[in-house]
Amino acid sequence: MARGEIELNKLTKEFAEVRAVDGIDLHVHGAEFFSLLGPSGCGKTTTLRMIAGFEQPTSGQILLDGTDVAYTPPHHRNVNTVFQNYALFPHLNVFDNVAFGLRRAKRPKNEIKQRVGQALELVQLSGYDKRKSSQLSGGQQQRVALARALVLNPAVLLLDEPLGALDAKLRKTLQIELKALQQEVGITFLYVTHDQEEALTMSDRLAVMNGGHVEQIGAPQDVYEDPETLFVADFLGVSNLMEARVVSAGAGVCRVALDGYELETRGTKLDVTGAAKIVIRPERLELEEHGTASGLNRIPGMVERLVYVGSAVQVIVRAATGESLQALIQNTGKGIPFEQGTPVQLHLPPDAVRVLPFGIGDEPSLKADEPAEETAATT
Amino acid sequence: MTAVAESRPTRGFSPAARLRGWIRNPWGRPRFLVLMTWAYILWSIVPVLIAVQFSFNGTRSRTVWDSFSTRWYWGDPVDSVWHDPTLRHALVQSFKLAGADVLIAVPIGVLLALGLARWHGRGSGASNFIMLFPLVTPEIVMGVALLLVFTELFTFVHTGTTAQILGHVTFSISFVVVIVRGRLFSIGRQYEEAAADLGASPFVALTRVLLPLLTPAIVASAAVVFAISADDFVISQWLSKGGETDTVPIRIYSATRAAPLPSVNAIATIMMVSTLLIVTLGFVAWRVFTRGERKEGAKEELGAFGM
Chain A
0 MARGEIELNK LTKEFAEVRA VDGIDLHVHG AEFFSLLGPS GCGKTTTLRM
50 IAGFEQPTSG QILLDGTDVA YTPPHHRNVN TVFQNYALFP HLNVFDNVAF
100 GLRRAKRPKN EIKQRVGQAL ELVQLSGYDK RKSSQLSGGQ QQRVALARAL
150 VLNPAVLLLD EPLGALDAKL RKTLQIELKA LQQEVGITFL YVTHDQEEAL
200 TMSDRLAVMN GGHVEQIGAP QDVYEDPETL FVADFLGVSN LMEARVVSAG
250 AGVCRVALDG YELETRGTKL DVTGAAKIVI RPERLELEEH GTASGLNRIP
300 GMVERLVYVG SAVQVIVRAA TGESLQALIQ NTGKGIPFEQ GTPVQLHLPP
350 DAVRVLPFGI GDEPSLKADE PAEETAATT
Chain B
0 MTAVAESRPT RGFSPAARLR GWIRNPWGRP RFLVLMTWAY ILWSIVPVLI
50 AVQFSFNGTR SRTVWDSFST RWYWGDPVDS VWHDPTLRHA LVQSFKLAGA
100 DVLIAVPIGV LLALGLARWH GRGSGASNFI MLFPLVTPEI VMGVALLLVF
150 TELFTFVHTG TTAQILGHVT FSISFVVVIV RGRLFSIGRQ YEEAAADLGA
200 SPFVALTRVL LPLLTPAIVA SAAVVFAISA DDFVISQWLS KGGETDTVPI
250 RIYSATRAAP LPSVNAIATI MMVSTLLIVT LGFVAWRVFT RGERKEGAKE
300 ELGAFGM
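Heads up: the sequence lines are chains A and B, in that order.
Residue numbering for the first sequence follows numbering that gives the first Met the number 0, beginning at 0 and increasing consecutively.
Residue numbering for the second sequence follows numbering that gives the first Met the number 0, beginning at 0 and increasing consecutively.
Honestly, the hints are just simulated from the structure, not real lab data.
Even for Gly, the Cβ is constructed at its ideal location relative to N, Cα and C.
Mixed in with the good hints there might be a few duds.
[To be verified] Which chain B residues face chain A? A few, computed with CB under 7 Å, are given here: (1) Q189; (2) Y190; (3) E192; (4) A193; (5) A199; (6) S200.
[Stated by the list, open to error] Quick list of simulated restraints, FRET-style, between CB atoms: (7) A:Q60 to B:F155: 55 to 61 Å; (8) B:R59 to A:S133: 55 to 61 Å; (9) B:L102 to A:Q60: 48 to 54 Å; (10) A:N152 to B:P211: 23 to 29 Å; (11) B:V272 to A:S133: 31 to 37 Å.
[Unchecked claim] A few chain A positions that, by computed beta-carbon distances, are all more than 12 Å from chain B: (12) G52; (13) P281; (14) G321; (15) E322; (16) Q325; (17) I328.
Using the sequences and the accompanying hints, generate a full structural model.
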């Protein structure tokens, strides 16, 4: 069996009134980069804290390499954590911070010296031994936190939004570094984030969480391209949602009707007809000049607004069916052949349209800003 | 617009207008507040400085300055602090009480603070609130209550040093708890969790991480406890059995009611200087221990010392 396998069985955590984590099942393979993605308050941090041992589950199992550790205190678990704000000990220098765990394990002195040296080298901080954490930049502190956790060679490394406090550019660099580091050390990384791009960039697989539940588990591509619920479709990037009715569903093709137009989509797993929503990503929505082509999967519309975002131009189009849709056109330097008020034709390629029935995921609680039970629990 | 124009430092206006402009200048320092602060400092410190000055008076007068002399400290063979046994004993008693108070109240207070900060059950709110009681109870009430306790209830504790120490510890613990708990809350749980995560047992996390981080608050509370104990009159007086158990404040009080000599000023000066010294030491230690937490050059608030 691979080292660093995590299995969560019906894991539940209730705080005073809220059920922060509601019976989740999850299986993380050994040496996998796995992300828990979700808005604040979705239970991802609570899940991580239960695996680390800082919270006791209300019920359920946490199997670490086959052993239930749900009731093992944190200092006896073979997992280490990189905290959101690093939690470097301010009274110790970099070397002593990294050596802290080895000293608790009563390793001999020269082994400690050697392993701390290696760990600092791994995160490219050799020569910073004597610095205090207050003398380090945010990115450097983050690396020390990483070295401090990795030096113990844990079965699983838990990362709680470790890049959250850094600026966008540094975050991008460290995303790539973290992924490379994970592949180098071959340790299971369980990564908690609310940043969908971060999760998509780094993960082997990810779980999208909402309201204490897991909405979908899969590889980044599957989750992004094939969202199973409205919430997932919406949380992972901007999505155009349209009300529709499934006319016929089958293995090959699925036909949906919306307001007098009929669309053909690639076959879905559902075998139901009736009210549904269809989803299409802005970058998959094609704009054609009015009247050029007609027929399948085309709806007329009118350009409402153009938004320049640098690498692309967002075109907001009011479709004939009434919905306002967003299309993303890459900025190739040739300019956009549309302007406000231009009549256009929307093309929704069959393989870009996803059909989601009502009832699964219900209404997406968009960019959940409600006071997070998660924050209340962790502070 | 007019208000802005009015407050500009202008040339050619009357002195009164210029003074107003100088005080009101919204871009400058808050000069009115600065003036008020200095007025307060002068008001409060001048009497103290005068008292200190007369402790060095060459004659027996506490109001008419004659010449500089240290006779009231040790020169005078009868009435100096050094040679008058009542004054000397008072000084010893005050330091004894303050020292014992620090040694007993600080460890108990730290443990209490740890317990109260980590206790989130039924009754934790009430206990946290009750901790503040000694801070708001009139000292005289506390003194009477303690005297009753020691004369009626726990009669095996006799008035005198033991009762005085117990009394001082009783009201000092609250100060320690308040200071240390404040620091505990600002530290948060993250360092303990990090320590546990790295394999430290709760005890090791306490000794290796939490106590070092609490050191500034512990030192600060020790300084505060020393200062308030040395300063205390009411409880020391109620629980004193007279003679050698009278502290400096009691001695000063009774001497001032009889025929006061500058030696009273001298002993007060000694107390003041030693208390200041202890608090300064505490402050320096606090600066040293929190060095790593401050960004270089950043302004920091005084933490426990700011209260």
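Against the structure, the hints come out as follows:
1. Q189: 4 Å, holds
2. Y190: 6 Å, holds
3. E192: OK, holds: B:E192 within 7 Å of chain A, min 5 Å.
4. A193: B:A193 check passes; min Cβ-Cβ to chain A is 4 Å, inside 7 Å.
5. A199: 5 Å, holds
6. S200: Holds, because the Cβ-Cβ distance from B:S200 to chain A comes to roughly 6 Å (cut-off 7 Å).
7. A:Q60 to B:F155: 55 to 61 Å: At roughly 57 Å between Cβ atoms, B:F155 and A:Q60 fall inside 55 to 61 Å, so the hint holds.
8. B:R59 to A:S133: 55 to 61 Å: 57 Å, holds
9. B:L102 to A:Q60: 48 to 54 Å: At 50 Å between Cβs, range holds.
10. A:N152 to B:P211: 23 to 29 Å: Holds, since A:N152 and B:P211 (Cβ atoms, about 27 Å apart) stay within the stated range.
11. B:V272 to A:S133: 31 to 37 Å: 35 Å, holds
12. G52: 7 Å, violated
13. P281: Non-interface label on A:P281 holds, nearest chain B Cβ at 40 Å vs cutoff 12 Å.
14. G321: 50 Å, holds
15. E322: Non-interface label stands for A:E322: nearest chain B Cβ at 46 Å, farther than 12 Å.
16. Q325: 41 Å, holds
17. I328: 45 Å, holds
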